[in-house]
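Enquirer: Protein chains in written order, with numbering that gives the first Met the number 0: chain B, 0 to 415; chain P, 0 to 103.
Hints are computed from structural coordinates only; laboratory data are not their basis. A couple of the hints might just be wrong.
Stated by the list, open to error - Listed next, the stretches of chain P that the computed footprint assigns to chain B, with coverage defined by at least 3 CB atoms under 8 Å from CB atoms of chain B: (1) 2-11; (2) 14-22; (3) 28-40; (4) 45-57; (5) 61-73; (6) 83-89.
To be verified - One side only, chain B facing chain P, incomplete, derived with CB under 7 Å: (7) F9; (8) G21; (9) Q59; (10) F73; (11) Q258; (12) G263; (13) A270; (14) L273; (15) I274; (16) W282; (17) V284; (18) G288; (19) A296; (20) L301; (21) L315; (22) I316.
Everything numeric in this text was worked out from a predicted model, so none of it was measured. Heads up, the beta-carbon is just placed ideally off N, CA and C, and yes, glycines get one too.
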Amino acid sequence: MNAILGWGLFLALGGVTVWMAGGMLITMSMYRAGLALMASFVALAGLFVLLDADLLAAIQVMMNIGGMMVMMLFMVMLMIDPGGEMMWDMKRKMHLPGPGALSMSMPRHAPRLPVSAPTQPAKALTTPVAAVWTCPMHPEIRRDGPGQCPICSMDLVPAEDPAAAAATTPAAAVWTCPMHPEIRRDGPGQCPICGMDLVPAEDTAPSPAADMHMGHTEGAAANGAAHAAAPPAGDAPMTALNPQQHYEMMAGMAMSTAQLPWAGVVGAGSALALIGLILTTRWPVVTAGPTGDTTAAVGNLLLSRYMIAFEGAAFLILAGIAGAVVFATRLPRDQSVAAAATIPAPAASGFAAPPTDGATAPQPAPVWTCPMHPAIRQDGPGQCPICGMDLVPAEAAAADTAPAHAGHTMGGRGGH
Amino acid sequence: MGGPGLVPYLVVGALLFGIGVAGVLSQRSGVMILMSLEIILNAALLNVVAFWRFVAPANYDAQVFAIIIVTVGAVEMAAGLGLMLLLFRRRGTSNVDAVRELKD
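Whole structure, please, built from the sequences with the hints as guidance.
Expert: Here it is in structure tokens:
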């Protein structure tokens, strides 16, 4: 009877430990991942109780659950979509397969574009003098010959080739966010609201609610009404995705890389190898259990001999958190702009331009504002004091004096 | 005293280790990589406690060692999250693939 109870408890707790650890890797949001890891921690503490290590179980619950709570605080502070509701909604609207709680999977390959596929080799034959080749997904990769991208292993395309440029940016003068159609920019990049990669908009005509777009020199007034007047994300941009847009969106939202199957193979292989070793080894197991008051003995040992180690650990924790806060707040303004420009949104025609051009281009806007809080207005770049987002140039003054500045076709880097 | 012996606990530890390795290799976000590292630490922890219980139950140093592993996990979480927060404030992302160089 005692043995049956022990086995039952072990199977339940061990199952929860392993199941929750695995669920952490495939759930769609980091918040759920944190909760799953917490459940795994608690079940592991239950295993410690089964192993007569009560004090260790208590410490495991206290320290790790406390740490996870701090981590959840970080997530809620930092992430736009910590609960995964937005992703869940997208999966539902796009009728993606699989349970709703699972993360989107990273697509393995970019889609083949039916229009450009026949023309691209012909172009390569007729114009073999393409000096610079670049990756469709990573425009910062620039080689002087064809090959594969060192990051994603995609085939490189000629950078100067207009057909290739059209293939990677299918006739897009305006890029928009799949979730926030009011975001309209003249080049690829990331949505300032949700951080997703922008996709080419189907309609190049600016919508009436285009007040929110930040990259235009002809942008309308970015006033307080712009945010309120933005239309809700409808179904139209969700269902009208072409394969390229679909690929970009899946790649932007997936929580794991495309190497997830290989990682799974390596993980399963290492686990199986370990289990094989465990089963074939003769362990020197003793029959006697722990004698006496284990908790008191461990506590005495801890206090008498090892306390200095924990003092040092606590100091490290303090130093880590304090260092992050101090360095983050002391960041100079110019440096933050340069840092923001190191993840540049390459312009629609930016493949031909040298990459350093956009990264160091000054942004001559007199007034900077927050995409989410239009009331924040500063005379220089920086971060929003409310939400911490990078400020963007406000075009309220420029719109009246210089309309129709052809910001679309020039693909100007300066707006971003 | 019945119940499972040493080997079932070690098997659970091996499974946890495999899951942690897969997570470290596959995740995009630095925070998720840290969480997968925690799973690997948990596997080591379970092994230490199981060996203490079934091989050397009279020596409590093993439990102190296990407590130190828990502390290492907490330090890793605090320092790693501090790094990730700093990275996020500077780069606007916690995606490790987006960071090619640490210095600006």
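Enquirer: If any of the earlier hints don't hold here, list their numbers in rising order.
Expert: none
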